[in-house]
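Construct the entire structure; sequences and hints are all you get.
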Amino acid sequence: MISNKKMIRETLHTRARNEILDLTPLVQRMVGSAEMQNGMVIIFSPHTTAGITINENADPDVKQDLLTKLSKLVPQSEDYYEHAEGNSDSHVKTACVGNSTTVLVEGGKVMLGRWQGIYLCEFDGPRERQVWFKLVGFDE
Amino acid sequence: MISNKKMIRETLHTRARNEILDLTPLVQRMVGSAEMQNGMVIIFSPHTTAGITINENADPDVKQDLLTKLSKLVPQSEDYYEHAEGNSDSHVKTACVGNSTTVLVEGGKVMLGRWQGIYLCEFDGPRERQVWFKLVGFDE
Amino acid sequence: MISNKKMIRETLHTRARNEILDLTPLVQRMVGSAEMQNGMVIIFSPHTTAGITINENADPDVKQDLLTKLSKLVPQSEDYYEHAEGNSDSHVKTACVGNSTTVLVEGGKVMLGRWQGIYLCEFDGPRERQVWFKLVGFDE
Chain V
1 MISNKKMIRE
11 TLHTRARNEI
21 LDLTPLVQRM
31 VGSAEMQNGM
41 VIIFSPHTTA
51 GITINENADP
61 DVKQDLLTKL
71 SKLVPQSEDY
81 YEHAEGNSDS
91 HVKTACVGNS
101 TTVLVEGGKV
111 MLGRWQGIYL
121 CEFDGPRERQ
131 VWFKLVGFDE
Chain B
1 MISNKKMIRE
11 TLHTRARNEI
21 LDLTPLVQRM
31 VGSAEMQNGM
41 VIIFSPHTTA
51 GITINENADP
61 DVKQDLLTKL
71 SKLVPQSEDY
81 YEHAEGNSDS
91 HVKTACVGNS
101 TTVLVEGGKV
111 MLGRWQGIYL
121 CEFDGPRERQ
131 VWFKLVGFDE
Chain R
1 MISNKKMIRE
11 TLHTRARNEI
21 LDLTPLVQRM
31 VGSAEMQNGM
41 VIIFSPHTTA
51 GITINENADP
61 DVKQDLLTKL
71 SKLVPQSEDY
81 YEHAEGNSDS
91 HVKTACVGNS
101 TTVLVEGGKV
111 MLGRWQGIYL
121 CEFDGPRERQ
131 VWFKLVGFDE
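Residue numbers (my numbering), protein chains in the order written: chain V, 1 to 140; chain B, 1 to 140; chain R, 1 to 140.
It is worth saying that the hints were derived from the structure and are not from the lab.
Only true hints are included.
For the chain V half of the interface with chain R, some residues (derived, Cβ under 10 Å), not all of them:
| id | residue |
| --- | --- |
| 1 | Gln64 |
| 2 | Leu70 |
| 3 | Cys96 |
| 4 | Thr102 |
| 5 | Gln116 |
Positions of the beta carbon are idealized from the N, C-alpha and C atoms, including for glycine.
Here it is as structure tokens:
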């Protein structure tokens, strides 16, 4: 059991107001370093304007279309927004996409579908962001 | 290990059709009472018109803007809705926001970002609602 | 502890571009076969155009309204979509609904609210799809 280890906090830098960063290689490396064979990884964004999702990792146009469509649905400015920071849209997008996910590990491998990648979704960058990773091993 | 304890069912009362209730102090108290040091809490809404999300817990305008924007995107009435109860919008919002989340516990503390709170999102109130909480301790 | 068992991979066939398939009886049967009394099931779609959600399992109109509303919000064609496969909408819907969920098990029973069902949401069918199920038993 390795689940008693503290969660890992990684710092990432985003470069645009809306951006998707691929966390997949990072997660796989953590699982390798921990020598975890069988378990799960809980991936958690401690932010309220940046979420976590799993989506296509092949054609980069998919990421772009996702960000563009979300910005069309939830534009930065609406005359009824009352929050003074001008990032109410970022909060709404984060609530829709979600701020955490769980992936399984089997045989030391992060289990994802062929086209899937684990993403940090920046909705109010550019910023320094943290992502938290908790590796929980299951009993053999 | 405390993970064999049954989940805790809490009853809450909402006061508006759309409302966000902060569950954070409740979750922290449960973790304290259980004396859980290291683990996770799975928070689950057993309803189909009320979800669970994590978002900003500082400026209450964020909650208001989130509810308003969701109601603009998903209005209560659409001429193509077939469900006779008049709450198809509440189901759509719940599917987008999600009905559960998982938070980590370390050193007896619910691990959240500085601005985060755990929320019950009421989308078809006012009602009596249940939220289920499962505390799962990790081995030391 | 049964958590060391490999995840179960089920193959399902969808029949429409947008469709909701009920996974609830399948999950309950798996829990029964594994004789799991106390634990959780992580349900994961390894696809980027099909998600997992929990919503109403009583009136089928709710499923229809959910699919219709999502297609109004996120139509198949937008002049700014760059992804050449013509399914950018399917990716956006999957990101909004999410691609996994966790349900609790107590006394051998999948714990859901009275009206809830666990759903595979097909957003780019008809196709053959996989869903992954990981049963994690908690210590007694």
